[in-house]
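The task is simple: from the sequences and hints, build the whole structure.
Same order as they appear, the protein sequences are chains R and V.
Each residue of the first sequence is one higher than the last, beginning at 354 in our numbering.
Each residue of the second sequence is one higher than the last, beginning at 354 in our numbering.
Source of the hints: derived by calculation from the structure; they are not laboratory data.
There may be inaccurate statements among the hints.
[What the hints assert, rightly or not] Derived DMTMM-like pairs (lysine to aspartate or glutamate); straight-line CA-CA distance at most 20 Å:
1. R:K466 x V:E386
2. V:K382 x R:E495
3. V:K430 x R:E491
4. R:K382 x V:E495
5. R:K430 x V:E393
6. V:K466 x R:E401
7. V:K466 x R:E376
8. V:K430 x R:E392
9. V:K466 x R:E386
10. V:K430 x R:E372
11. V:K430 x R:E395
12. V:K430 x R:E495
13. V:K402 x R:E401
14. R:K430 x V:D385
15. R:K463 x V:E372
16. R:K430 x V:D366
17. R:K430 x V:E372
18. R:K382 x R:E401
19. V:K430 x R:E457
20. V:K430 x V:E443
21. V:K382 x R:E386
22. V:K463 x R:E393
23. V:K382 x R:E491
24. R:K430 x V:E392
25. R:K430 x V:E386
26. R:K430 x V:E376
27. V:K430 x R:E376
28. V:K402 x V:D366
29. V:K375 x V:D438
30. R:K402 x V:E464
31. R:K430 x V:D438
32. V:K430 x V:E491
33. R:K466 x V:E401
34. V:K466 x R:E392
35. R:K382 x V:E491
[Unchecked claim] So, partial list: chain R residues that the calculated Cβ filter (under 8 Å) puts toward chain V:
36. L421
37. Y485
38. A490
Cβ atoms here follow ideal geometry from the backbone N, Cα and C, with glycine treated the same way.
2 protein chains.
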Amino acid sequence: MDNVVIRAARKEDCPRILELIKELALYEKAPDEVTVTLEEMEACGFGEKPVWGSLVAEVNGEILGIALYYDRYSTWKGRRLYLEDLIVTESARGLGLGKKLLDELIVYAKENKYHGMVWQVLDWNEPAINFYKKYNAEFDGEWVNVSLNF
Amino acid sequence: MDNVVIRAARKEDCPRILELIKELALYEKAPDEVTVTLEEMEACGFGEKPVWGSLVAEVNGEILGIALYYDRYSTWKGRRLYLEDLIVTESARGLGLGKKLLDELIVYAKENKYHGMVWQVLDWNEPAINFYKKYNAEFDGEWVNVSLNF
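Below, the structure written as structure tokens:
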């Protein structure tokens, strides 16, 4: 696979990023759960006070994967980088793009003095769990996510 | 309990906020896990680009509880408010301060157009789970927290 570029996302990448997010939601059988709009996404990522950022994996000019992140604040550890979504489009899986994205995000987090990185994985997603084990990541399944929608 | 004020935290509250964070860590038998410094905390909460904010519950001029929060970005829902810590000092539990803090934070999140609120609860913490059930919160225990420390 030649010509793989891992780079920071630009505003004009948002439509493709949203496509990949929707592809994942479809895979998780929850396509209707994606209610965010392209306009909101652009405003939150590239407005005055950016809330999120993303790396993209571009292969021959086409974005085939993303690692979307934002700041979190641990009251025990301080600033940590949160990996919200690591997505590689289905047809490009197994080619190492996920690893390239995650490796690059770790470099970014270290360079920017984050006290570590955090994310979540579905407890039945064995391939992903095994992938993360290679990074000597710590796993903690003692927590339940709680949400209030309004 | 008279003279309860719920208000936004100020920079000079940080020493007391950190005390409450350490009290909770001790209660969770992990006092050494708190490695964040007061200086980092102040810089992250009250610097040029604030990463976190907090409500405090003040009773007769003393801070007895906090609700510490920050922005998260859901790629499905958009901007959501994340409740990192809801702490009430042990001697003041059962007096309704936690409810006052959470109620006020919900008002804040709605006023500021967040698409909902999210947080985590330990799966064995029944009193907390029952408390959150009264808010008709949704619970999802299918996820495992993953972290890389550096």
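Hint-by-hint comparison with the structure:
no.	hint	result
1	R:K466 x V:E386	18 Å, holds
2	V:K382 x R:E495	15 Å, holds
3	V:K430 x R:E491	27 Å, violated
4	R:K382 x V:E495	15 Å, holds
5	R:K430 x V:E393	10 Å, holds
6	V:K466 x R:E401	17 Å, holds
7	V:K466 x R:E376	27 Å, violated
8	V:K430 x R:E392	13 Å, holds
9	V:K466 x R:E386	18 Å, holds
10	V:K430 x R:E372	15 Å, holds
11	V:K430 x R:E395	14 Å, holds
12	V:K430 x R:E495	25 Å, violated
13	V:K402 x R:E401	11 Å, holds
14	R:K430 x V:D385	11 Å, holds
15	R:K463 x V:E372	28 Å, violated
16	R:K430 x V:D366	19 Å, holds
17	R:K430 x V:E372	15 Å, holds
18	R:K382 x R:E401	34 Å, violated
19	V:K430 x R:E457	26 Å, violated
20	V:K430 x V:E443	35 Å, violated
21	V:K382 x R:E386	38 Å, violated
22	V:K463 x R:E393	17 Å, holds
23	V:K382 x R:E491	18 Å, holds
24	R:K430 x V:E392	13 Å, holds
25	R:K430 x V:E386	8 Å, holds
26	R:K430 x V:E376	15 Å, holds
27	V:K430 x R:E376	15 Å, holds
28	V:K402 x V:D366	18 Å, holds
29	V:K375 x V:D438	12 Å, holds
30	R:K402 x V:E464	18 Å, holds
31	R:K430 x V:D438	13 Å, holds
32	V:K430 x V:E491	15 Å, holds
33	R:K466 x V:E401	17 Å, holds
34	V:K466 x R:E392	15 Å, holds
35	R:K382 x V:E491	18 Å, holds
36	L421	6 Å, holds
37	Y485	6 Å, holds
38	A490	5 Å, holds
The structure is inconsistent with the numbered hints 3, 7, 12, 15, 18, 19, 20 and 21, although it conforms to all the rest.
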